[in-house]
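*Asks:* Can you build the whole structure from these sequences, using the hints too?
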Amino acid sequence: MEIILILDYIGTFAFAVSGAMLAVEKEMDIIGLLILASFTGIGGGILRDIIIGKIPPTVFSESEYFYIIFIATILVFFFYKFFKELEDIVVIGDAIGLGTFTIIGIEKALAYNMNILSSIIMGVITPTFGGMIRDVLANRIPFILKSEIYLSLCILGGLIFFIMRDILSFDKNIIYFVIILIVSGIRIVAYFKKWNLPRVKLK
Numbered sequence: 000m001e002i003i004l005i006l007d008y009i010g011t012f013a014f015a016v017s018g019a020m021l022a023v024e025k026e027m028d029i030i031g032l033l034i035l036a037s038f039t040g041i042g043g044g045i046l047r048d049i050i051i052g053k054i055p056p057t058v059f060s061e062s063e064y065f066y067i068i069f070i071a072t073i074l075v076f077f078f079y080k081f082f083k084e085l086e087d088i089v090v091i092g093d094a095i096g097l098g099t100f101t102i103i104g105i106e107k108a109l110a111y112n113m114n115i116l117s118s119i120i121m122g123v124i125t126p127t128f129g130g131m132i133r134d135v136l137a138n139r140i141p142f143i144l145k146s147e148i149y150l151s152l153c154i155l156g157g158l159i160f161f162i163m164r165d166i167l168s169f170d171k172n173i174i175y176f177v178i179i180l181i182v183s184g185i186r187i188v189a190y191f192k193k194w195n196l197p198r199v200k201l202k
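Using numbering that gives the first Met the number 0, the first residue of the sequence shown is number 0, and each one after it goes up by one.
For the record, the hints were derived by calculation from the structure and aren't laboratory data. Note that CB positions come from ideal geometry on N, CA and C, so glycine has one too. Among these hints, one or two may not hold up.
[What the hints assert, rightly or not] So the derived label-pair ranges between C-beta atoms look like this:
1) V177 with E61: 23 to 31 angstroms
2) R139 with I3: 27 to 35 angstroms
3) E147 with I29: 27 to 35 angstroms
*Replies:* Set out below in structure tokens:
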């Protein structure tokens, strides 16, 4: 099994856990947990596949993703307090997913002959759109729009991908390693250091 696929599964699980945990905090029932976990884990990938014209989307032909989401939901339902205590670990898994899904989004777009800009956009949508749906369903402003360094890291990862591929001619495996290291690493540091992007100060 390729390392990128393993990281894909880890990221899906971490995203699903974050969705299910938010559902618990919003006092939803187990169906609510499953829905938020599903949108968070695979929502971005589904939208990406629809845009690039891959029908049906990948997750509907590879049932492993649904198994991962179901397991994450059940675990959070019964062991929410345990996951809450390990929230920092979940964030690390989420960060790995961020870097991995950025790569997957770009590669999927390139496989369908999309240009560089469109491929970077797919690299942004894949790891972020599911979380946006999750937040909207939970009746809160998507956190990537108001706090923390997150979406911008996907853009950075996309730029690094094409610089290393088209200008520096690095091997694909090295490109993957560098992107995951930089994107995931900055995300983890930003979370623990409470870094945020600049915003307009109203007062």
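*Asks:* Each hint should be assessed against the structure and marked as holding or not.
*Replies:* Going down the list of hints, with the structure as the test:
In this structure the hint that V177 and E61 lie 23 to 31 angstroms apart at CB holds, the actual value being about 27 angstroms. Distance hint check: the CB atoms of R139 and I3 are about 32 angstroms apart, consistent with the given range 27 to 35 angstroms. The supplied range of 27 to 35 angstroms is met by E147 and I29, whose beta-carbon atoms lie about 28 angstroms from each other.
The earlier numbered hints are all upheld by this structure, with none contradicted.
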